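Starting from two chains that each stand alone, build the complex the way the hints lay out.
If you're matching them up, the sequences are chains A and B in order.
Those letters in the first sequence? Residues 1 to 340, by the numbering used here.
Those letters in the second sequence? Residues 341 to 522, by the numbering used here.
For the record, the hints were derived by calculation from the structure and aren't laboratory data.
Because the structure is a prediction, the values reported are computed rather than measured.
Mixed in with the good hints, there may be bad ones.
Unchecked claim - Heads up, simulated DSBU-like pairs for lysine-lysine below, C-alpha to C-alpha not over 30 Å straight-line: (1) B:Lys376 to A:Lys319; (2) B:Lys407 to B:Lys504; (3) B:Lys395 to A:Lys39; (4) B:Lys376 to A:Lys39.
Unchecked claim - If you want the footprint, here are the derived chain A segments under chain B, 3+ residues with CB under 8 Å: (5) 232–244; (6) 294–306.
Stated by the list, open to error - Quick list of the computed label-pair ranges, beta carbon to beta carbon: (7) B:Thr485 to A:Gly241: 27 to 35 Å; (8) B:Tyr399 to A:Thr78: 56 to 64 Å; (9) A:Ala194 to B:Gly363: 38 to 46 Å; (10) B:Arg373 to A:Ser77: 48 to 56 Å; (11) B:Phe368 to A:Leu69: 37 to 45 Å; (12) B:Glu491 to A:Ala131: 55 to 63 Å; (13) A:Leu69 to B:Tyr495: 26 to 34 Å; (14) A:Leu69 to B:Asn519: 27 to 35 Å.
Heads up, the beta-carbon is just placed ideally off N, CA and C, and yes, glycines get one too.
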Amino acid sequence: MILADVAYYEAWWIQVIKAIVIFAVALQLVPVILIAERKLLGRFQGRYGPNRVGPYGALQPLADILKLLTKEQSRPSTSIGFLFAVAPMISILTAVAAFAIIPFGDVQNIFGTPVGLYGIDVSIGPLYLFAFGAVAFYGIMLGGWSSGSKYSFLGAMRGAAQLISYEVSQGLALVGVIFTAGTLSLTGIVHAQAGMWYVVPQFFGFIIFLVAGFAETNRAPFDLTEADAELVGGYNTEFGGGRFASYFFAEYLNVLVVSGIVTTVFLGGWMMPFGIHPPGWVDPFVVLFKMALLSFFFIWVRATLPRLRYDQLMSFGWKILLPLATLNTLVTAILVTVTH
Amino acid sequence: MPWDPGKDVIEVVRGPRPGAAGGTYRAFGETLRGLKTTFARMIEGPHTIQYPEQKVPVYPRFRGRHKLHRFDSSDPAHPGLEKCVGCSLCAAACPADCIRVVAAENTPENRVSAGERYAVVYEINLSRCIFCGYCEIACPFDAITMGHDYELSDYNRSDLIFTKEMLLAEPVERTPLRNEGE
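Next up, chain B with everything else stripped away, as it sits in the complex (with noise of 0.2 Å):
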């Protein structure tokens, strides 16, 4: 006798029988709804995103590589110096541990930043880099930033530590930024 499963457990919907005729009809109509579907998908057109020609538009917030800035030329404080005092917050912060700095006592014939120390080496090794933005947080000066540049590769993973002339250096903008309720 089969185990009867009492009036409280669920009904267990079966489908209709496979095999049968009446399941050759129904897949022969599935068959065209599918069709249809597929249909209509061509005619919607593509969906995709030429990468190189088209780019999708960063969010001003993106973190892509870093920048290093200098202040303003017109600054009457200290005009077109570095902002970077050399102080190895960032590469304290860092932890993919890609950063290296070595800090040099500013002099009155060599001034390169506002304050007492300036970063004679300052290095961002880009392979090792997660790209978590600590760096930016820790700086107490707001010398290094993210800025929005993600196409990073090359031929070379030497090419990819980043010197700090290269950070200062104004970057090539290659990515759309996205804007305001864009």
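This is chain A alone, in the form it adopts within the complex (with noise of 0.2 Å):
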């Protein structure tokens, strides 16, 4: 039984047990992200952040994460149950589905096996990565409005107008990538990228791509969707305990998911700079430092930019990211036609 479309054979519990390490490599990943992003906000702000629990404040997102589960399960009398129930699964599940296809690293032999060291390597990649997206929208959306709280409903509302008009720009920036390497899958774009990165040719697409990332991750300075000074808490101003906990992990997934995306796509995957080749088991190092430096860049903005008001957002994706992404492609398009 072949559940991935693949080069070689790969036997199906070879795909189980990588489905279930990736899963667990992100779950470990999100706590770390998570005292990573409050130790360094501390740091922008000029003060240390959570330092009580554990040494460094190490063992704060496990604290937390045991707070919120311990926390009751409220609802709204206003709510959809069975909605309100099922929304921040959509979430949660839409990210670790996008994780699936980020790849650490090369087809490796291990004890005799040639295991990729990936989810899948979907023949279609950046569409499975999109197609995810789309359908993560929903949890935003079907959290929000069945919540029965028109806080709720307003930050979903600016959820949904901000994911439509930024991923277009997003799909856009990727295009021009997608030309120049000649395919669609996530390692055949890596090994494209053997002689140079695409962030030094496709620099427009690379800067597109980060920052149509931010919006699709609802972060800083897109957070409309959750933007406290006005909506209370936006879309999960409804939730609490384990279901708010499923949105925040999700959050942070996503941020590793475009972390992980823009790795791949425009940084060289698990390829060092200056033509060094280690041995196959550094790849996935060299993939997590990578993801690790972008969750920084990320943190970063954060502590640095106010939130953009809603017409911004509107006419920055509109009139100046979706021109400028469309300029990239048509470029890219003519450049990659001349000189092949």
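If you want it as structure tokens, here you go:
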């Protein structure tokens, strides 16, 4: 039985093990980025951040998660019960599913069995990502709507508008890379970057994708969905306990997914710069290091930029980002046609 | 026809029109500048003081919890006697009305203070006290002074009523004192 379309035979049990390993890795990365964000935000603001729980506050995420999970699951009487329970699950599911296509390394020989260090190498890589990105928006939308609260609803509506506007630019930013690489497979795109990382020839694509990525993950300065100054908590106002933890988990996992995709598509995936070719087991660490750098950038931007106004967000997305992305695609298309 | 403010009016300086391509370019530059600023703050390191472990030293004239005083045991005239004579001037001066003094006569068998009378009861309700220091000024014998201790939280309101024994006891110096020129 073959679960995914790969170029070589991979037994079904290998894929099951890989699925479990990827979920476990994702689960371990989220507390790390959680504490990293709180510590770094503290440093950016001239304070220490959490430093009471465990050595240097390292156990803070554990305490946070335990607190959230032991809380009462409350639900407003105006909410729609089934959707209210399902919406956070959709968010978390799509985040983990998108994580599956990030390649952490090439096909490795583990005890004589070829194993690709990624969940699945889908032949439609970016489309898979955007498909799950589109489903992820249902998590926010249904969560906000089923809460039966005005603030949640407003947050969800903003989220919907924002995601739709920025997904277009994000997609167009990737089209340039796909033209150049000539493949939709993410491992194929990484292999195509052996000579030069795409961040150099596709610099504008990189910037556009990164900016749109901020909007896709609802992170500052595009965190209008949970604009706490005006919307209490946005779409997750009415959520508490484990369900809120799910949304939180999904948000941070989305940061990691966007970091991973940017790493794969623009920063050469598991490739090291200056032609260094380390043994295969180093690859995942190279990818994780690049992801960590990008996550740091996410936190850095959050510490720097104030939230955009809603009309600014819309005009930025449609009047600046989209034309730039289109222009980038056009120029790349012309260059690719001319040079080939 | 638009209103002409005349020549004497200060010219209004308008910024560049937002929203255009130039505005985007400027916004990008300003974003980079902001990123540089926050990064510099991170390099600078934290400025906070980790309170229970680190404390800001207080100045010598800081008005903390009160202290009652005795004469030195080596004092020739009245060794080890209390300075307070129970005159209640502190209680009269107290704007928060938190001091209660009950005076009694000194007898040859029971000599507590240097004067004719002494304070049998001397209580300060620190949950009422505003730490103005008027009691210190009112006292004719310097029997009461303001100390340096400001860590006065307790689990019970009644525990904040300090009795004479507590005020006379050698205070635990929990607060660092700022030295000259520090």
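Item to check | Satisfaction of hint between lysine 504 of chain B and lysine 407 of chain B, Cα-Cα up to 30 Å | outcome: Satisfied, since the Cα-Cα distance of roughly 9 Å is no more than 30 Å.
Checklist entry - Taking the CB of phenylalanine 368 of chain B and the CB of leucine 69 of chain A, does the distance hold inside 37 to 45 Å? => result About 42 Å separates the Cβ atoms of phenylalanine 368 of chain B and leucine 69 of chain A, which means 37 to 45 Å holds.
Item to check | Coverage claim, chain B over the stretch 294–306 of chain A, checked by counting residues with Cβ within 8 Å (three needed) | outcome: holds (count 5)
Checklist entry - Is the gap between the beta carbons of leucine 69 of chain A and asparagine 519 of chain B within 27 to 35 Å? => result violated, 51 Å
Item to check | Outcome of range test on Cβ distance (arginine 373 of chain B, serine 77 of chain A; 48 to 56 Å) | outcome: holds, 49 Å
Next on the checklist: Against the 30 Å threshold, does the CA-CA distance of lysine 395 of chain B and lysine 39 of chain A hold or violate the hint?
Outcome noted: holds, 22 Å
Item to check | Given pair status - lysine 319 of chain A, lysine 376 of chain B, alpha carbons within 30 Å | outcome: Measuring from Cα to Cα gives roughly 27 Å; hence the hint holds.
Checklist entry - Does the Cβ distance between leucine 69 of chain A and tyrosine 495 of chain B fall inside 26 to 34 Å? => result holds, 31 Å
Item to check | glycine 363 of chain B and alanine 194 of chain A - C-beta distance against the hinted 38 to 46 Å | outcome: holds, 40 Å
Next on the checklist: How does the stretch 232–244 of chain A fare against chain B when you require at least three residues with a CB closer than 8 Å, holds or violated?
Outcome noted: violated (count 0)
Checklist entry - Holds or violated: 55 to 63 Å for the Cβ distance of glutamate 491 of chain B and alanine 131 of chain A? => result holds, 59 Å
Next on the checklist: Against the range 56 to 64 Å, how does the distance between the Cβ atoms of tyrosine 399 of chain B and threonine 78 of chain A compare: consistent or not?
Outcome noted: holds, 57 Å
The structure fails hints 5, 7, 14 (numbered hints given earlier, in ascending order).
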